[in-house]
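Number of protein chains: 2
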Amino acid sequence: MDSNEHPRARIGGWLGGLPQRVDVYEVGPRDGLQNELRTLPTRDKARLVEALVAAGEKRIEVTSFVSPKWIPQLSDAEELLRLVGRKPGVVFSALVPNLKGLQRAREAGLQEAAVFISASEAHSKKNINKSIAEALEASREVATAAAQMGMRVRGYLSTVWGCPYEGEVPVERVVDICRRLVDMGLYQLSLGDTIGVGTPRQTEEILSALLKYIPLEKLALHLHDTRGTALANALVGLSAGITTFDASIGGLGGCPYAPGAAGNLATEDAVFMFQGMGVETGINLDRLVEAGELAQELIGRKLAGKFLQAALGEREKKASRRART
Amino acid sequence: MDSNEHPRARIGGWLGGLPQRVDVYEVGPRDGLQNELRTLPTRDKARLVEALVAAGEKRIEVTSFVSPKWIPQLSDAEELLRLVGRKPGVVFSALVPNLKGLQRAREAGLQEAAVFISASEAHSKKNINKSIAEALEASREVATAAAQMGMRVRGYLSTVWGCPYEGEVPVERVVDICRRLVDMGLYQLSLGDTIGVGTPRQTEEILSALLKYIPLEKLALHLHDTRGTALANALVGLSAGITTFDASIGGLGGCPYAPGAAGNLATEDAVFMFQGMGVETGINLDRLVEAGELAQELIGRKLAGKFLQAALGEREKKASRRART
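If you read the protein sequences in the order shown, they are chains F and W. The first sequence: position 136 = 136 (the numbering used here), numbered continuously. The second sequence: position 310 = 310 (the numbering used here), numbered continuously.
Because the hints were derived from the structure by calculation, they are not lab data. Honestly, I wouldn't trust all of these hints.
For identical chains, the list gives no copy identity; a pair is met inside one copy or between any two copies.
[As the list claims (entries may be wrong)] Calculated cross-link-like contacts (lysine to any residue; reagent style SDA-like; alpha-carbon spacing at most 20 Å):
hint : residue 1 : residue 2
1    : LYS126    : GLN111
2    : LYS317    : VAL90
3    : LYS87     : GLU112
4    : LYS317    : LEU37
5    : LYS317    : PRO164
6    : LYS318    : LEU37
7    : LYS125    : GLY16
8    : LYS100    : GLY282
9    : LYS218    : ILE195
10   : LYS69     : ARG140
11   : LYS218    : GLN20
12   : LYS212    : GLN34
13   : LYS302    : GLY313
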């Protein structure tokens, strides 16, 4: 380690070999809206999805086929997918907790579904009322059935950076669960910093441990910006070669109990940083701001995404300058 | 460059040799409050400075000795410093635009002052009504006089990552200005991403260019979080060995014309990330949250700092849980 007595510059190189292009996997309509207090009319959800597609987003998790008893906000999954229809080049996905959900997703015309596993026993119990072993078994059933249907399955692994109930989560357990999920045939594992406690060194440690066993292209990062570190963690992932990053329009999601507290990494913040570094996303930032503005309008509150607020502020400033002259 | 066809993991090592300790240079009371629409009573400013000291902050820019005609919010500089008094182990500083300001700072008992230079001609003219050459000359006068008084001088170089009027700022110009400032005897140069447009690759390029001529320990980063990238840029600086980071309590400052838009990197967000990576700051996060809460109370609005909002949200949640049981 460098000590402060003898500082030495160590610069250059580590950002030299970034991926040329990354995929942004949009989770706003599902992960975001499910955490909002206000339930939107299905038509409004469809408008939001349309706006995301118009911005160039190509991978969007639209809804969840869970029992309406659990998440009433998402009970209109079939109707929403019907309203949205198919979009050339866009892959829609939905969360499915079990075989019944997968069947519904298939009937609604989806080619991709996602399953949910927690790396913490306590979080798994509280969140989906299953032990980790039971969640893995449910995932295996879904993965096997999906393969027969010709659908592909993505896995969310949550609490990888820490658990609200158990605190630290051993990285060996994360590695073990990920190996099982890959063996089941999941095409991608999205590693979740569910409560947004991750720092870059921890991100490096987690990725270092995983990449001994899991191929790079199987991994995605699902970062929360609760304490402002999501982009710094994304930078570590990017420099390691990760090419899929989950994000939510405007940072939609947040914590309904804490107005102002941030949730998911905001799609615009991620796209701004990636494109500013020459890493292509295929997404148009101006249109993304329009989608973010629409999201704010629909849910009736300001979102936490910083690029969005800066862009809207700039526009307001210009408008008031015009009004004065 | 890695292509997406042949992804290869490149992990490990680049976060291995971080500094063991960094200094956070607090700019909230000066840079922050000067950008607020509401002018605080001097007593309230003093309370905020006390709260920052109580959190363990050791370097605080308290005010500015500019003409009250320019920034009436800071016309109480002498009174504020009298109220705050001396604190063992804490270095207070103030911005001084010229010899008169330096003289006032000295009479108020300060051992450190800061000068301001812009890397963009248009920004320099609009902001301080001086050309870059004139600003450099004023800095030289201050630096020479300060040396005779036994005071040390810090330099802010603004618009290093981009200018709101000129757009891109050539890095060669930044290097040239920095070399002159070091030659004048400034003990530290704080590189400013004044409008918060920086991305990590640009940060790496700027630091690479500067570190050929400027000793590492002379450089500090003054990052704005307008588009969410401040911590990612700080991470690049940290990995290059930079050990001083400017920050503002709660992200105080922002842009008064755009409520919700972020300004300075929030002190708590920086301290959370640094300490979470094992990089010591000597600052207590809980006390910092108390200072942030006080800042919100005093200026009468929510601040943009994410750690602060998350911490306050957690507390609210706990309180409502207690109320229910």
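Right, here's what the structure says about each hint:
Taking CA atoms no more than 20 Å apart as the test, LYS126 paired with GLN111 passes in neither setting, with 29 Å inside one copy and 56 Å between copies. For a Cα distance limit of 20 Å, the shortest separation of LYS317 from VAL90 qualifies neither inside one copy, at 35 Å, nor across copies, at 39 Å. For a Cα distance limit of 20 Å, the shortest separation of LYS87 from GLU112 inside one copy, 14 Å, qualifies, whereas the shortest one across copies, 61 Å, does not. For the identical chains of this complex, LYS317 and LEU37 are inter-copy neighbours only, at 15 Å across copies versus 31 Å inside a copy, given an alpha-carbon limit of 20 Å.
In this assembly of identical chains, LYS317 and PRO164 lie within 20 Å of each other by CA distance solely across copies; the values are 13 Å between and 41 Å within a copy. Proximity of LYS318 and LEU37 under a CA criterion of 20 Å is satisfied inter-copy only: 19 Å between copies versus 33 Å inside one chain copy. Proximity of LYS125 and GLY16 under a CA criterion of 20 Å is satisfied in neither setting, with 43 Å inside one chain copy and 36 Å between copies. Taking the closest pair of Cα atoms, LYS100 and GLY282 never come within 20 Å of each other, the shortest separation being 34 Å inside a single copy and 54 Å across copies.
Taking the shortest Cα distances, LYS218 and ILE195 never come within 20 Å of each other, neither inside one copy (23 Å) nor across copies (37 Å). Neither within a single protomer nor between protomers do LYS69 and ARG140 lie at most 20 Å apart by alpha-carbon distance, with minima of 24 Å and 71 Å respectively. In this assembly of identical chains, LYS218 and GLN20 lie within 20 Å of each other by CA distance solely inside one copy; the values are 17 Å within and 34 Å between copies. For the identical chains of this complex, LYS212 and GLN34 are neighbours neither inside a copy (35 Å) nor across copies (51 Å), given an alpha-carbon limit of 20 Å.
For the homomeric pair LYS302 and GLY313, the shortest alpha-carbon distances inside one copy (12 Å) and between copies (16 Å) are both at most 20 Å.
Against the hints set out earlier in the document, violations occur for numbers 1, 2, 7, 8, 9, 10, 12.
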